[in-house]
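Asks: Let the sequences and hints guide you as you build the complete structure.
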Amino acid sequence: MELTYSPLGDDAIVIEVGSDITKETTNLVRSITKQLEEATNDEIVEVIPAFTTVTVFYEVTTQFKYKDIKNLLEETLVEMEELEIKEQRTVEIPVCYGGDHGPDLKFVALHNKLTVEEVIAIHSKGTYAVNMIGFAPGFPFIGGMSGSIATPRRSTPRLRIPERTVGIAGIQTGVYPIETPGGWQLIGRTPIDLFLPYEKIPSLLQAGDRIVFKPITQEEYDQWEGKSHATD
Amino acid sequence: MLQINKDGLQTTMQDLGRTGFQKYGVIASGVMDPYAHRLANILVDNEETEPTIEITLMGPHITFHSNCVFALTGGNLSPAIDGIPIKMWRPIVVKKGCKLTFGKPISGCRAYLAVAGGFDVPEVMGSRSTYLRAGIGGFEGRALQKGDILQLGECSTLVKNCLMSISKEENKLTFIQMDWTLMAEAIPTYKKEAIVRIIDGRQAHLFDEKSKDAFFNQAFQISSDSDRMGYRLNGQKLALKEPKELISEAVSFGSIQVPSDGQPIVLMADRQTTGGYPKIGQVTTVDLPKVSQLKPGEYLRFERISLEEAQHDLINERGLIKELKQSISLKFKARI
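Going down the list, the sequences are from chains A and B. Position 127, counted from 1, in the first sequence is what the working numbering calls 357; the numbers after and before it change by one each time, with no gaps. Position 82, counted from 1, in the second sequence is what the working numbering calls 174; the numbers after and before it change by one each time, with no gaps.
These are calculated hints, taken from the structure and not from any lab test. Please note that a few of the clues may not be correct.
Unchecked claim - Using C-beta positions, here's what the derived DEER-type ranges look like:
1. Ala276/B <-> Gln402/A: 49 to 55 Å
2. Thr266/B <-> Arg383/A: 23 to 29 Å
3. Thr291/A <-> Ile176/B: 41 to 47 Å
4. Lys284/B <-> Glu305/A: 55 to 61 Å
5. Asn326/B <-> Gly329/A: 40 to 46 Å
For every residue, glycine included, the Cβ atom is placed at its ideal position computed from N, Cα and C.
Replies: Shown next as structure tokens:
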């Protein structure tokens with residue numbers, strides 16, 4: 231395990247575990263994050279995992295500077311046991327495809343020389359992995375979309391994309407938890423919230439989760455009460 | 093209790109930010125100028141973690157519905173009580189019914205209003221900062237508007253005693269400005285062109301030599317697209333030695349990202365938690381307020397310092413704030 235350290239500004243340090251997004255690097259990121267959160271050092275303010283890095287914000291004092299946080303992390307992580315890649319949680323996300331919820335579904339079909347039904351079938355058949363949560367509250371970076379429905383971003387971004395909209399941007403797919411401007415191709419919308427500001431863990435999804443998208447009708451969308459079916 | 097009588101341009105309640113939830117993508121938010129915020133609080137004997145009201149360029153009109161002590165720090169946006177201009181960076185005692193207004197921005201961009209006892213609003217994820225885009229925190233998750241009524245927390249014994257001794261005094265004044273302020277070196281001056289110190293960004297080495305020179309040898313102009321999320325800068329285009337796709341990683345308050353158009357963006361209080369653009373530099377914590385107090389159209393220049401110097405400055409500033417806190421406490425005591 232080769233970890234490299236470098237500063238992010240004067241109050242954070244970045245631990246880099248590798249240069250590519252692989253199963254090993256994402257697992258290592260999760261292991262390091264868990265280890266540091268369990269260590270509960272007073273000097274550590276916040277830990278932010280990403281694809282191949284873990285960033286640690288720390289309290290700078292006369293006795294505790296960059297070299298001290300680096301030493302502390304090295305000591306804490308030298309005996310770290312890597313998490314076993316065990317069966318991940320699968321979260322089902324119901325999606326009402328097309329119509330007002332997915333104004334770009336037809337374009338995605340046209341671009342890939344497919345029918346709308348085929349696009350829905352391909353998008354909802356895949357199993358996706360959440361590589362990291364970041365950028366916006368509860369926003370999952372999802373890997374695993376089929377290249378056969380990949381579509382470039384819109385040349386003119388929309389000023390407003392409603393919350394919970396499911397979109398495609400290049401080879402990536404995702405769900406936007408809160409209203410936002412953006413250039414995604416919008417294919418549908420889920421009735422469930424991904425950002426849960428008043429829950430203890432404010433994000434429905436977490437790094438390591440698996441996701442399946444389940445097509446639902448407008449009626450089902452309207453009737454949806456409650457949450458996703460998370461299965462262990 | 094105080095009431096908003098007229099909206100400002102963007103008036104929000106903020107504290108030192110929402111830490112601990114960035115791993116869920118939750119934006120940190122918090123004050124744009126942490127130094128002015130901390131000082132506003134200590135001038136009214138509050139903890140530095142109490143929320144203050146961040147006032148941007150055009151301030152609101154506010155009526156005090158109870159006797160209280162407040163302080164204004166940060167940018168000078170022409171504050172006045174009942175039409176009489178007031179001084180900043182000192183405690184002011186107001187009687188019930190006084191009206192606080194703001195006028196023309198004189199210097200800086202943001203002022204901070206702290207009221208003794210703080211504001212009684214619920215915490216969301218451990219913070220009382222307003223995050224506008226998600227509609228959470230602060231006062232009902234939004235900017236303050238005409239008609240809003242803000243309840244105050246309980247002020248310290250020191251302030252209570254001070255209020256009592258003042259109300260006993262024979263005077264017909266509706267408000268009293270303390271005759272003391274902070275030492276001169278503790279009060280920043282905001283210029284139209286700021287020298288902002290930075291340390292190298294994580295990807296500084298990826299930029300070509302010409303861009304590295306250009307980054308330090310020009311004045312960047314603050315674009316009109318700048319807000320609490322980021323300050324966009326206009327200047328000579330910056331480029332990487334060779335195009336490179338980066339993997340998204342954590343960013344922080346003061347990270348200077350350069351997107352493919354070559355115009356840098358300084359990430360501010362409402363920045364996203366992660367970003368995939370190369371970071372050429374990182375504004376030092378101590379110099380963040382210099383950026384926050386610049387208005388669109390004004391300028392900044394970057395100056396490179398070492399990590400050791402930046403941390404040294406940060407420790408010194410914390411020490412200064414501690415000293416100021418002690419001396420303010422003594423001055424309150426002397427008043428009783």
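Asks: Confirm or reject each hint.
Replies: Taking the hints in turn, this is what the structure says about them:
1. Evaluation of the 49 to 55 Å hint for Ala276/B and Gln402/A yields a pass: the beta carbon distance comes to about 54 Å.
2. A C-beta distance of roughly 58 Å is found between Thr266/B and Arg383/A, which places it outside the suggested range of 23 to 29 Å.
3. Checked against the hint of 41 to 47 Å, the C-beta distance between Thr291/A and Ile176/B comes to roughly 43 Å, which is consistent with it.
4. Remark: the range hint 55 to 61 Å for Lys284/B to Glu305/A is contradicted by a beta-carbon distance near 48 Å.
5. At roughly 42 Å, the beta-carbon separation of Asn326/B and Gly329/A lies within the given 40 to 46 Å, and the hint holds.
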